[in-house]
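Peer 1: Here is what each chain is made of, one letter per residue.
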Amino acid sequence: MLNKIKTNKVASIAILLVAAVVAVMLRERYLALILCFICINSIAVTGLDILFGYTGQVSFGHAGFYAIGAYTSTLLAKNFGLNPLFTIIIGMIVSMIFGIIVAFPAAKLVKHFLSLLTIAFGQMVFMFVSVTDKLTNGYSGILNIPDVSIFGYPIKSNQAYFFFLLIITGLVLLFKRNLINSRVGRAFIAIRENPHAANGIGINVRFYKIVAFAASAMLTGLAGALYAHLVGFISPDTFMATQSNLFMTMLLFGGIATFLGPVIGSAILVVVTELMQSLVSYQMLMYALFILAVLFYLPNGVVGIAKWAKEMLTTKRQGKSRVNTTEYHN
Amino acid sequence: MVIQLIIGALMIGSVYGLVGLGYGLIYKASGLMSLAQGDMLMIGAFLGLTFYKHLQLPFIVALLLTMLIMFSLGMVIQRVLVTTLLKKGAATVYVILCTISISMVLQNVAMFAWGTNVMQFPPIFKKSVINILGYDLVPENLLALGVAITCMIALHFFMTKSKFGTSMRAAAQDPMAASALGINVPVTRGASWGIACMLAGGIGVVVGPIFGVYMSMGSMIGQKAFAGAVIGGYGNMYGAIVGGLFFGFVETFVSAYLTSNYKDFISFAILILVMIIMPTGLFKEQVME
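Just so you know, the sequences run in chain order A and B.
Taking this note's numbering, the leading residue of the first sequence gets 80, the next gets one more, and so forth.
Taking this note's numbering, the leading residue of the second sequence gets 5, the next gets one more, and so forth.
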């Protein structure tokens, strides 16, 4: 009980600190944009987390879903003049449909072959959007994507868009928590731990893998659509394989299969990327070093460190030494 | 026209085949996957360029020196990074991630060392076109084809006839029994990563004059080679060659007769189709649990 109150205290202090930082950042247009990027990446990485963290299915092609969401929403909003709020939802659904299509073959494959299939998928989407000039305007990209408007009131400033994104991110995290705590989520975790045993206790492994892909693609597609309407410009460059690896880095760095891991990971990576804006050529090296650091020293990411610190504190008090930091999932 | 296309297809196909062969070797020896093969090719090309153009070494020396360096690089990656990671109990997916970050590091190293521009590899032969039986052929293409075929044949005899090759195959088949028979399994594993990188680096030197040498030259070749390896049956050396040639032909003829914009799109679509319909590949390798 005492512990619970203490954690609540720590949590509320953390929330207040974050809120204070956010409030300061919102005073400037550029800093507000960074906050928006953090939200968008959190959504996309949460999608990846459902697939990789909870279900144990790897994907190196999430940039593909990101692109599908972004291009669907953009094209519908621009060519048919539909309300962006509506097209974002369609982008999400189209991305989900592609997720299901990919999942049909992907649900049969393991490890290496799944990695390859997802890489191939990501490349196919990238190539499609870069060479189909008539539809997507090729490498030059699409300009002047309309802003989102709610009940006729357009969201123009980054600050306003941030609050819009904050609500969506909250909903996404809520969705993730409820999904993971439901029957479906428990099936995901069972599949991650041991697909054969999961099959043995009556879980339809193939079906749940497809569900995981669909949910994951849906969230990443949503993030892509939100990105397009935030920046107002999309080109194939954003959806290269590097983007998929970036999502992966964010997820691993934050900590996989955790509630806040994706948010923390994307916040850190986005901020570091922005800080290194002058050293763009070092960016990829930095991502690589982030991945290697996670792989070799902190397999559970930043959230793992936090948990470890907490455990250290509590075990010290109880005089036990049950600390296990290096624990890999699956 | 058709003859030139076939030669071109054979050339690019054998490049894919040779790089894909490396994937197969690594998979057979350690059950792992490296996604850095394409970047090994790129590093090899840059090293070859440096030796040949800046140090003025003869081409054959530059090629062999590059292969030696690449062999050591592959060995070091396996012995230092991959082994450490496996000792920590990481799943296969994490090893794949590790090789992805290695490939990013390699690309950055190449960028710092040689810059971002496309570098021209000086021509190896004096004539730019030679005439064989009335057909005009580019000698560099023939060289690439020749080197690829030589490497494949050499590897075949190395794996089947030499003692070390046989012990490599034994270690791949059953590590426990092999080590009981006195085979140094860690060394054979390291060697297979080394050979994979060596082949990729060596072929990088010979494709340098054809495509030009630049930072991201390896990524597409690496992925196509991978696709070829899957089509042939992942883990099967000969399958990787057949698969690589298949993609070489698909790519060349699709871009010649159908559409050049969508050639890579079509290649990957074929790959996905094969993975759906025939996941064990042409040579029936086990891919699913």
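Please keep in mind that the hints were generated in silico from the structure rather than gathered at the bench.
Please read these numbers as outputs of a predicted model, since none were measured by experiment.
Worth double-checking, as some hints may not be accurate.
[To be verified] Below, a list of computed lysine-lysine pairs in the DSS-like style, where the Cα atoms sit at most 27 Å apart:
(1) B/LYS267 <-> A/LYS389
(2) B/LYS167 <-> A/LYS386
(3) B/LYS91 <-> B/LYS32
(4) A/LYS187 <-> A/LYS386
(5) B/LYS32 <-> B/LYS92
(6) B/LYS130 <-> B/LYS32
(7) B/LYS167 <-> B/LYS57
(8) A/LYS187 <-> A/LYS389
(9) B/LYS32 <-> B/LYS167
(10) A/LYS88 <-> A/LYS157
(11) B/LYS92 <-> A/LYS386
(12) A/LYS213 <-> B/LYS91
(13) A/LYS235 <-> A/LYS157
(14) B/LYS130 <-> B/LYS57
(15) A/LYS187 <-> B/LYS32
[Stated by the list, open to error] Sample of chain A residues facing chain B (criterion: CB under 7 Å; computed from the structure):
(16) LEU196
(17) ILE221
(18) LEU222
(19) ASN257
(20) LEU258
(21) SER261
(22) GLN362
(23) MET365
(24) ALA367
(25) LEU371
(26) LEU377
[Claimed, not checked] Stretch by stretch, here's where chain A covers chain B in the computed footprint (C-beta under 8 Å, at least three residues):
(27) 87-93
(28) 99-106
(29) 138-144
(30) 229-239
(31) 262-268
Virtual Cβ for every residue (Gly too), placed ideally from N, Cα, C.
Peer 1: Flag every earlier hint the structure violates by its number, smallest first.
Peer 2: The structure breaks hints 1, 2, 4, 6, 7, 8, 10, 12, 17, 18, 19, 20, 21, 22, 23, 26 and 29; every other hint is satisfied.
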